[in-house]
Amino acid sequence: MTQPPSDVLRGTLDLLVLKTLALEPMHGWGISSRIQQFSDGALDANQGSLYPALQRLEQKGWIDSEWRTTENNRRAKYYRLSTAGRKALGAETTSWRRYVDAVEMILRTT
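Each residue of the sequence shown is one higher than the one before, starting from 121 at the first, in the working numbering.
One or more hints might be untrue.
[To be verified] Mimicking PhoX-like on lysine-lysine, the simulated pairs with C-alpha atoms at most 20 Å apart in a straight line are: (1) Lys180 x Lys207; (2) Lys180 x Lys139; (3) Lys180 x Lys197; (4) Lys207 x Lys139; (5) Lys139 x Lys197.
[What the hints assert, rightly or not] Derived DEER-like restraints, expressed as beta-carbon distance ranges: (6) Arg200 x Glu224: 31 to 39 Å; (7) Met225 x Asn166: 26 to 34 Å; (8) Arg130 x Ser153: 15 to 23 Å; (9) Thr230 x Ser153: 35 to 43 Å; (10) Arg200 x Met225: 33 to 41 Å; (11) Leu143 x Ser215: 15 to 23 Å; (12) Ala196 x Arg176: 25 to 33 Å; (13) Gln179 x Glu224: 26 to 34 Å.
Everything labelled a hint here was simulated from the structure, so no lab data went into it. Just so you know, even glycine gets a beta-carbon here, dropped at the ideal spot from N, CA and C.
Using the sequences and the accompanying hints, generate a full structural model.
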């Protein structure tokens, strides 16, 4: 089975990160855990994909970050959705739903 194009995977991960951060600021491990939790374990945002996504979103100005101390007294970079990120979340969600609908239309053809 072939894998989806990498831009689709990147866009999907970006959307999941934005949605997760809409709930509250989190560090990378927390974001990964929350995605896994909300997907009932079906999705795994591993470090090799998650941290490039966080950098990409920060470069776009959709998220901001700051170093803080975790509940376990460790230093971690916390990410939060910016104002631009909230707007992007809405636009990206709409775009994702159009994409899913288009794929569904194709899958339903006989």
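Evaluation of the provided hints:
1. Lys180 x Lys207: holds, 12 Å
2. Lys180 x Lys139: Within the cut-off at roughly 16 Å; holds.
3. Lys180 x Lys197: holds, 18 Å
4. Lys207 x Lys139: It holds: about 11 Å lies between the C-alpha atoms, which stays within 20 Å.
5. Lys139 x Lys197: holds, 18 Å
6. Arg200 x Glu224: 31 to 39 Å: 33 Å Cβ-Cβ, so the 31 to 39 Å window holds.
7. Met225 x Asn166: 26 to 34 Å: Holds: the Cβ-Cβ distance is about 31 Å, inside 26 to 34 Å.
8. Arg130 x Ser153: 15 to 23 Å: With Cβ atoms ~20 Å apart, the hint holds.
9. Thr230 x Ser153: 35 to 43 Å: At 41 Å between Cβs, range holds.
10. Arg200 x Met225: 33 to 41 Å: holds, 36 Å
11. Leu143 x Ser215: 15 to 23 Å: At roughly 21 Å between Cβ atoms, Ser215 and Leu143 fall inside 15 to 23 Å, so the hint holds.
12. Ala196 x Arg176: 25 to 33 Å: Violated - the Cβ-Cβ distance for Ala196 and Arg176, about 19 Å, lies outside 25 to 33 Å.
13. Gln179 x Glu224: 26 to 34 Å: holds, 32 Å
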